[in-house]
Structure formats: structure tokens, C-alpha cells
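A.B. asks: Starting from the given sequences, assemble the full structure and let the hints guide the process.
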Amino acid sequence: MTLVDHSSVLFQDSRFVEVLAGARTGDEAAFAELWRSHNPGLLRFLSGLSSEDDARDVASTVWLEVVRKLQTFDGDAAGFRAWIFTIARSRLVDLRRSRRRRISTVDADIESRERSDDSSDPSRVIDEDVSTRNAIALISKLPEKQAEVVLLRVIADLDVDTVASMLGKSSGVVRVLSHRGLKRLAELLAESGVTR
Amino acid sequence: MSASDGSGNDMNDFPPTPSDLDDNTAEGLLSGQIDAADAPPGYARVTEIFAAATAGASPSELAGESEALTMFRAQSEATTAVAGAVVVSLNEHRTRRVSRKAALVGVVAGVLLASTGVAAAGGDLPEPVQRAAHETLSHIGVPVPDPQPKPAKAPAPADQRPNPTTKSEPPSTAPPTRPSQEGTTSSKVPRTTGPQTPEPTPPPTVPPSSPPSTLRSQPPTRGPNPALTGP
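Note that the protein sequences, when read in sequence, are chains A and B. Position one of the first sequence corresponds to residue 120 (the working numbering), numbered consecutively onward. Position one of the second sequence corresponds to residue 2 (the working numbering), numbered consecutively onward.
None of these hints come from the bench; they were simulated from the model. All C-beta atoms in this analysis are idealised placements derived from N, C-alpha and C, irrespective of residue type, glycine included. Keep in mind that the hints are not guaranteed to be accurate.
One-sided and incomplete, this derived list gives chain B residues near chain A with beta-carbon spacing under 10 Å [what the hints assert, rightly or not]: (1) SER20; (2) ASP24; (3) PRO41; (4) ARG46; (5) GLY57; (6) GLU68; (7) THR80.
Rough simulated footprint, nothing fancy, chain B against chain A, three-plus residues with beta-carbon under 8 Å [as the list claims (entries may be wrong)]: (8) 140-150; (9) 173-179; (10) 255-268; (11) 292-301.
One side only, chain B facing chain A, incomplete, derived with CB under 10 Å [claimed, not checked]: (12) ASP21; (13) LEU22; (14) THR26; (15) LEU31; (16) ILE50; (17) SER61; (18) ALA64; (19) GLY65; (20) MET72; (21) SER77.
C.D. replies: So this is what it looks like as C-alpha cells:
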């Protein structure tokens, strides 16, 4: 059994080609399908690196850019995911930079990782049925580079080389970050008393 | 699991449990190929975390659809408007190009005429052209030197006058003479302005193409050049 079902939130290539073609010709239904299939992943990725409010704001700017540049995109489903998540990273960096102009870097980093609730508490995740929000909140407890790699690998369903290209790092570094992130996640859960 | 890939050896700050992962196991966990039952010790819960992280969309995650569609609709309309504007712009551009071309032709013609007029005023044009300029411009009151030498102004003897019958008629491509001049002598006189009217036996004192002095007061057989007389 496969627990991680990427198809529930992401496209498969065959369907993607059809939907993208429709969206390019102005078909609102096609674009709506494109949006519904990718926006949850975008929000989860951004929520893992920032607050939920910021995630929603950044996601809106991502879609604005996608809408403007959709005609120029040429690629498959994975390429589209890489594209929009790359935009998301860039816009998130922009948001942080704009805040650094107003407040100190330390405060900005703290603010960027703030959560609207305490669902990131591993013990709370363990005690409850694991919700999507809690899962993302737990991943966000990782050091940022590890969290980013894990989110891109798991949420965006991107392979090592694509993530390496997005982050400007080597594939080896991405693998190391993945290993460390996985292990750290297991440790966070273990520290909370769960040893399954 | 052992750190067979060596990547786990860098994690000295981590406790030995959970175990380090090899590449294949890590890849299986990240891609969802390994479920909780097959997960290495300490990682079963991680697979559940990943499953939850990739679960179906919640209503709150889809709440912004109408806003996104509004953006999409606005962009589509803007694209259509821009496409229409581009077509209009191209048409206007073509019109402007034609206008520019017409203006350029006018400017070039004006420059040529002006330079020709200056040259004609100085008597620097080739004789046939100078004569044509003389006849045309003097008719409208612009003094232009006649290339004909002074002695030629005197009426030539009848026997030295060019024989109209020996002169060739104006070429068929020449503009027709004005009706008021038809039947007059001048209308019969060969066009001295025409280069294609050679004089077979030019008198020594009279240039072969020089018309009788009386003809100099005659209006040109061609109408004034509209380009010269126009506003």
C-alpha cells in the first residue's frame, strides 16, 4: 500500500497536457482544474516555510504570475510544478526581504516561521489523527533547508535533480539534506514518545 | 538500516536511533513508495506524516478559487484587448508608413526642384534643360537665363530658319499642345526643348536648336509644371 498519494493533489502528465492546453486558450474550467490541483500543494509548501497568512499571500502572487506567463510555459506536469514552486520560493524571498527593510533580520526570521497555532508541537501531532496542517507544521520544525528539500520532494513531488536545480545546489547536497530531514523528523516523533 | 551511502555519517549531532538511511530507503520514504509497514524502525510515523502532508485538498485550501479565476479572466480579457490593439497599431503603422513615404517623395521632389531652380537661375543646366526651365519659369515670371546666345535673339534670315517640314514632330509621348496654340507657327515649330530634335544642318551662327526669337515670347507648348506652379 502506498500511503503518500501525490495524485490526490497533483496532476499526471496525460491529464496535464489537456488541461494546460485549455487554460492557454482561456478556458476557465481548465484553469480552475489547474489551480485546484496545485494550490493546495503550494499552500502547504509555503506554510512549511512561513506563516499560513503569508503562505496565502504568496500563493496569490504566484498565481498572478502564472496567469500572466502561462502562454510562455512549455513543459510537462513536473516542469509546471517546478515552475510554480520556483516562483513561490522567489516570492517568499521577496516577502522576507521586504520585511527585513522594516524590522531586524532576526525578527523577520522568527516572524516568517511563526504559526497561527501550536499545531507544530510533535506531541500534539502524535496524540491526534495526523492532519495535513499538523504534518506540514511538523515538517516546518526542521532546519529550513531540510524542510525546504523535504517539502519539495514530498509535497511538490519533484525529483532530486530538479530540486537541486531549483535550490542551486548539487544533487549530493540535496540528498544529504533529505537524509537529515527524514532522520530529524523521525527524531522529533521519537522524542515525543512514539517509537513505531 | 545502515548508512551505506555515507551521507548519514555527517549526522553526528543526531542520536543513533532512528537509524541512518540508505539512498533507496530515503527515496522510497520521500516518494511514498514505502508505507508504514515496510518502513525501517523509527520511520513508520514519518510515512504517516508524509501521507497526511499529501492528502486531498481541504476546503480552506480551495477557498481562493474565485479570486484566481478573476485574475485569469482579467488576464484573458487583457490579452484579447492587447491583441486587438496590436492589430490596430499595425494598421496605423502601415498608414503612417505610407504617409511617411508620400512625405519623403514630396521632400525629395521639392529638393530636386529647388536645386534645379537654383541651377537654372545660374544657367548651369544642360542647354535643353536650361531652355525648358527658361520657357517654363519665365512664363510664370521667374527670370531664368536662356541658354541661347545673344545673337540668336535676332530674327534669323528666312533661309536660315529651320524648315518646319524638316523638323521632326514632337514625340508621341509628349504632352499635347494647348488648343490656343494649334495652328500657330509656334505649334509647328519643332520643339527646341526636345533633345530628340536634332538639326541636320546647323547654321554656324545659330545654334541648331535655337528657336526664332519670336518664339521666346510664346508660351511653352507644355503647360506649366504643376510642381512649379502649385501652391
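A.B. asks: Now look at each hint and say whether the structure bears it out.
C.D. replies: Hint check results:
1. For SER20/B, the shortest C-beta to C-beta distance to chain A is roughly 8 Å, which falls under 10 Å, so the interface hint holds.
2. With 10 Å as the threshold, the beta carbon of ASP24/B comes within range of chain A, its nearest partner Cβ sitting at about 7 Å, so the hint holds.
3. This hint holds: PRO41/B has a C-beta 9 Å from the nearest C-beta of chain A, less than the 10 Å allowed.
4. Among the interface hints, the one on ARG46/B holds; its C-beta lies about 5 Å from the nearest C-beta in chain A, closer than the 10 Å criterion.
5. Interface hint status for GLY57/B: upheld, as the beta-carbon distance to the closest one in chain A is roughly 5 Å, under 10 Å.
6. Look at GLU68/B: its Cβ gets to within about 7 Å of chain A, closer than 10 Å, so that hint holds up.
7. A least Cβ separation of about 8 Å between THR80/B and chain A falls short of the 10 Å threshold, and the interface hint therefore holds.
8. Counting residues of the stretch 140-150 of chain A whose CB falls under 8 Å from any CB of chain B gives 4; the rule of at least 3 is met.
9. Three residues within the 8 Å Cβ limit are the bar, and the stretch 173-179 of chain A against chain B gives 3, so the coverage statement holds.
10. Judged by the Cβ-Cβ criterion of 8 Å, the stretch 255-268 of chain A is covered by chain B as claimed, because 3 of its residues qualify and three suffice.
11. Residues of the stretch 292-301 of chain A lying with their CB closer than 8 Å to a CB of chain B number 6, which satisfies the three-residue condition for coverage.
12. Given the 10 Å rule on beta carbons, the hint for ASP21/B holds: about 7 Å separates it from the nearest Cβ of chain A.
13. With 10 Å as the threshold, the beta carbon of LEU22/B comes within range of chain A, its nearest partner Cβ sitting at about 6 Å, so the hint holds.
14. With 10 Å as the threshold, the beta carbon of THR26/B comes within range of chain A, its nearest partner Cβ sitting at about 9 Å, so the hint holds.
15. Against a cut-off of 10 Å between C-beta atoms, the interface hint on LEU31/B holds, since the closest Cβ of chain A lies about 4 Å away.
16. Taking 10 Å as the C-beta cut-off, the interface hint given for ILE50/B holds, the closest approach to chain A being about 5 Å.
17. About 9 Å separates the beta-carbon of SER61/B from the nearest beta-carbon of chain A, less than 10 Å, and the hint is met.
18. Taking 10 Å as the C-beta contact cut-off toward chain A, the hint placing ALA64/B at the interface holds, the least distance being around 9 Å.
19. Because the smallest distance between the Cβ of GLY65/B and any Cβ of chain A comes to about 7 Å, under 10 Å, the interface hint for this residue holds.
20. Because the smallest distance between the Cβ of MET72/B and any Cβ of chain A comes to about 5 Å, under 10 Å, the interface hint for this residue holds.
21. With 10 Å as the threshold, the beta carbon of SER77/B comes within range of chain A, its nearest partner Cβ sitting at about 4 Å, so the hint holds.
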